[in-house]
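Trainee: Sequence:
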Amino acid sequence: ELSLVNFSNTFKFLLLNDAKIDCIDSNEMSLIHFAIAGGNTEIIRILDQNDVSFVGTPQIAAQYHRHDILEWLIDTKFHDISLLDPKFGSIAHNAAISNNLYVFNYLQTQGNDTEEQVQNNENKWIDAPNSKGLTPLHYAVSNGCFDTVYYLISTNKADVNKTDSDLDTPLHIASYSGY
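According to the working numbering, the sequence shown holds residues 1 to 179 in order.
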C-alpha cells in the first residue's frame, strides 16, 4: 500500500509542476491507459476529474485483469459492452488476449435482460470480428489461451470456422502458431 501512496504522491507532484496529462506515446497509448493498466484508482479518479478521454479504457481493463475498474467503466461510462473501438478492439478481444475468463463470465451476465435474449444468442460480442476479421477466438488461439478457447467454443456461439481477412480460421492460426 505504501508504494501506491508514493506513486499517487509522485503523480500529484508532477501534476502540480505542470506535467501534461494529454500526452500520447508512440503506440497511441494515453496516460489513462497506463493508469488503468496499473490499477491505481486514485490516479484514475484524478484523470477523470480532469476530463481526459476514456476511449479504449474498458479494453485495457479487460486485458490487464482490472475487473473492478472494468465494472466501474461499464456502469458509469460505457454501457454498450459490444463496443468495438477501431484501435483497441472490443472488450472480448482484449480479454481473449490475456486469458481473462472473469471478463467473459461478466460479459455473459451483462445485457441479457430476458431468458429469450439468452436463448436467441444476444451475446454477439462472443463472435464479433474486428476490422481485420479477427474474433476473440482468433485472438485466444494466437496467444495460446486454451482456457479461453475452451470457454468460447463451449458457449456454442463462437464460430470455429470463421475466417479473418487473410481467410485464416482459428485452426489455421493454431497450426502455424504451434498450439
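It is possible that some hints are incorrect.
Straight-line C-alpha distance at most 16 angstroms; calculated EDC-like pairs for lysine to aspartate or glutamate [to be verified]:
# : residue 1 : residue 2
1 : Lys124    : Glu71
2 : Lys20     : Glu71
3 : Lys132    : Asp164
4 : Lys12     : Glu42
5 : Lys124    : Asp166
6 : Lys124    : Asp168
7 : Lys87     : Asp159
Keep in mind that the hints were calculated from the coordinates and are not lab data.
Trainee: Look at each hint and say if it fits the structure.
Mentor: Evaluation of the provided hints:
1. Restraint check for Lys124 and Glu71: the C-alpha separation of about 19 angstroms exceeds 16 angstroms, so the hint is violated.
2. Restraint check: the Cα-Cα separation between Lys20 and Glu71 comes to about 28 angstroms, which exceeds 16 angstroms; the hinted pair is violated.
3. For the hint pairing Lys132 with Asp164, the CA-to-CA distance comes to about 6 angstroms; that is within 16 angstroms, so the pair holds.
4. Straight-line distance between C-alpha atoms of Lys12 and Glu42 comes to about 10 angstroms, which keeps the hinted pair within the 16 angstroms bound.
5. For the proposed pair Lys124 and Asp166, the alpha carbon gap of about 22 angstroms is over 16 angstroms, so the pair is violated.
6. With a C-alpha separation of about 20 angstroms, the suggested pairing of Lys124 with Asp168 is violated against the 16 angstroms cut-off.
7. For the suggested pair Lys87 and Asp159, the alpha carbons sit about 23 angstroms apart, so the restraint of at most 16 angstroms is broken.
In this structure, the earlier hints numbered 1, 2, 5, 6 and 7 are contradicted, and the remaining ones agree with it.
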